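Undergrad: Next come the chains, spelled out residue by residue.
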Amino acid sequence: MHRRRWAPLIFAKISYSSADPVTVHFINRDGERLTTTAKEGESFLQVVVNQNLAIDGFGACEGTLACSTCHLIFEKDAFQKLDAISDEEMDMLDLAYGLTETSRLGCQVHIKKLMNGVTVQVPVEVSDVRRQLEVGKQSKQ
Amino acid sequence: HHDLAQVDIYEKLPVPFGLVRFGVAPDHPEVKNVINTFTHTARSDRCAYYGNVTVGRDVTVGELQQAYHAVVLSYGAEGSRVLGIPGENLSGVYSARAFVGWYNGLPENQDLKPDLSCETALILGHGNVALDIARILLSPLDFLRKTDITDCSLAALACSKVKRVWLAGRRGPLQVAFTIKELREMINLPGTQPVLNPADFTGLENAVKDAPRPRKRLTELMIKTALEKPRERAAMVQAAVPRQWGLKFQRSPQEVLPTADGTRVRGVRLALTRLEGSGDSAKAVPTGEVEELECGLVLSSIGYQSLPLDPAVPFDTQHGVIPNSSGRVKGAPGLYCSGWVKRGPVGVIVSTMNDSFDTAQSVLEDLQGGVLDVSVPRGGFGAVGSILRSRGVRPVSFSDWERIDAAEVARGKAAGKPREKIVDLQEMLQLLDH
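In the order they appear, the protein sequences are chains A and E. Here the first sequence is numbered in full-length UniProt numbering, starting from 1 and rising by one per residue. Here the second sequence is numbered in full-length UniProt numbering, starting from 1 and rising by one per residue.
These are calculated hints, taken from the structure and not from any lab test. A couple of the hints might just be wrong.
Said to hold, decoys possible - With a straight-line cut-off of 35 Å between C-alpha atoms, the simulated DSBU-like cross-links for lysine-lysine are:
| hint | chain 1 | residue 1 | chain 2 | residue 2 |
| --- | --- | --- | --- | --- |
| 1 | A | LYS113 | E | LYS32 |
| 2 | E | LYS161 | E | LYS413 |
| 3 | E | LYS32 | E | LYS413 |
| 4 | E | LYS283 | A | LYS81 |
Keep in mind it's a predicted model, so treat the numbers as computed, not measured.
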């Protein structure tokens, strides 16, 4: 009994004081994988900004829910573990290109330990689909 | 994406940022955060800004093409679509663009002096601009006082008698162009009561059952609002009758009706329509029935329009855009376009931003593929500067803008506003000469 009561406390102490970095992979629009470390509690937008990731036009409104440029697509199981989406986030997400069932706004989703190794996709915009086809053609020449 | 590119930006006004400064509503400051990204770009060593230069008058597109390897036209849509109905030019009828320009400090609209002495205003259009105008007309003054709305328009709104705003559109609830965040904001506006007719929404719950989520949620919000009872008010005194706003559907303006002396608007005759087809492509067809709506202020919010810039640049007058393929202007090598002048005046910041990336990609491809010959250097501003000097034009640099910016912020501070915009062109330039 004694041990049980103490164990959770010790566990909690260890996880808060060591602040292990969480590994996150961003698949950029051109298919390039950007791997970086993030801190618990940071939003995905903050990760992109703080790590200076080369994702064009990401987070135009600086996390104030006034645009949808930090739109990210999660993998299904990672998506299901995210905190519930608010009406305000959904209102802006609804304006994003290429909306999927596992889409969220990066400024509203925060890094948790259990996300270690998560992969998120920066959505390919309508005009980019055509580019991808062209790049594909060129690289075959 | 290109280590050696030097980009020069030419702008008609002394101040930069276009619609972010003059289009976005004063009570939406977060949307303007994108200015920080723009500022960061402008401060790059390889980027230069030249304001107060009117392309097509101070320097021609041809002269720019001589001086630069590539020229990108992204001058947007400065005109308004015209209603094309009798009475459109009566006093009391304004384009949404002019009204928004007025409260946002666009120099050319400062003399608008809109007459706000009537009780009922009619806005024609069901887009976000229409909602912005309704919100600015009906917002509690305290909300607006701390924004960057101009002092002059704040004073006019303080004396406004407008207490009822109708937004009329030709088509139905499933075709509204405004978005849910802006609608929610209007529904929740303190001191106001939404007026939506439940009959307009019969059967729509079912119709959007399988619609894409954005359209579904937007329609469900309108239905919910239409069916809600008017909010109970603790003390409903005559003097405290709330301001009202409402949506009218399937109403197309036929004629703006004049007062007895023929000078001002007293109302609008609206043709009732029915819809042929469904969804985005539904068409409004007149039924033959009409109705008259009494109002003293009419705002036409039916869309913007691009104007041709220079005889040397092809322009598709039918569609109001520069003919192009992925931003490459047709029949004009070295000339590109992006934004509203390329695709038409529709879309929020994210759409226009992505579009500009698309054009930039075309320029990069042409540089890499040798379509643009950069083996011979071009004069850039070295050449254009002399042309401007010879024509007595004084370009405004980005650091000049930063001085204007600092002055506006300082002026706003005393009133608790983020800035007090300078609305007179001469005043802006005189500030720089001291």
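Undergrad: Now look at each hint and say whether the structure bears it out.
TA: Verification of the hints:
1. Of the supplied pair hints, the one linking A/LYS113 and E/LYS32 holds, its CA atoms being roughly 34 Å apart against a limit of 35 Å.
2. As the CA atoms of E/LYS161 and E/LYS413 are separated by approximately 29 Å, the hinted pair is consistent with the 35 Å bound.
3. Annotation: proposed proximity of E/LYS32 to E/LYS413 holds, straight-line Cα distance about 18 Å (limit 35 Å).
4. Between E/LYS283 and A/LYS81 the alpha-carbon distance is near 44 Å, which puts this suggested pair outside the 35 Å criterion.
This entry does not satisfy hint 4, going by the numbered hints stated previously; all others are met.
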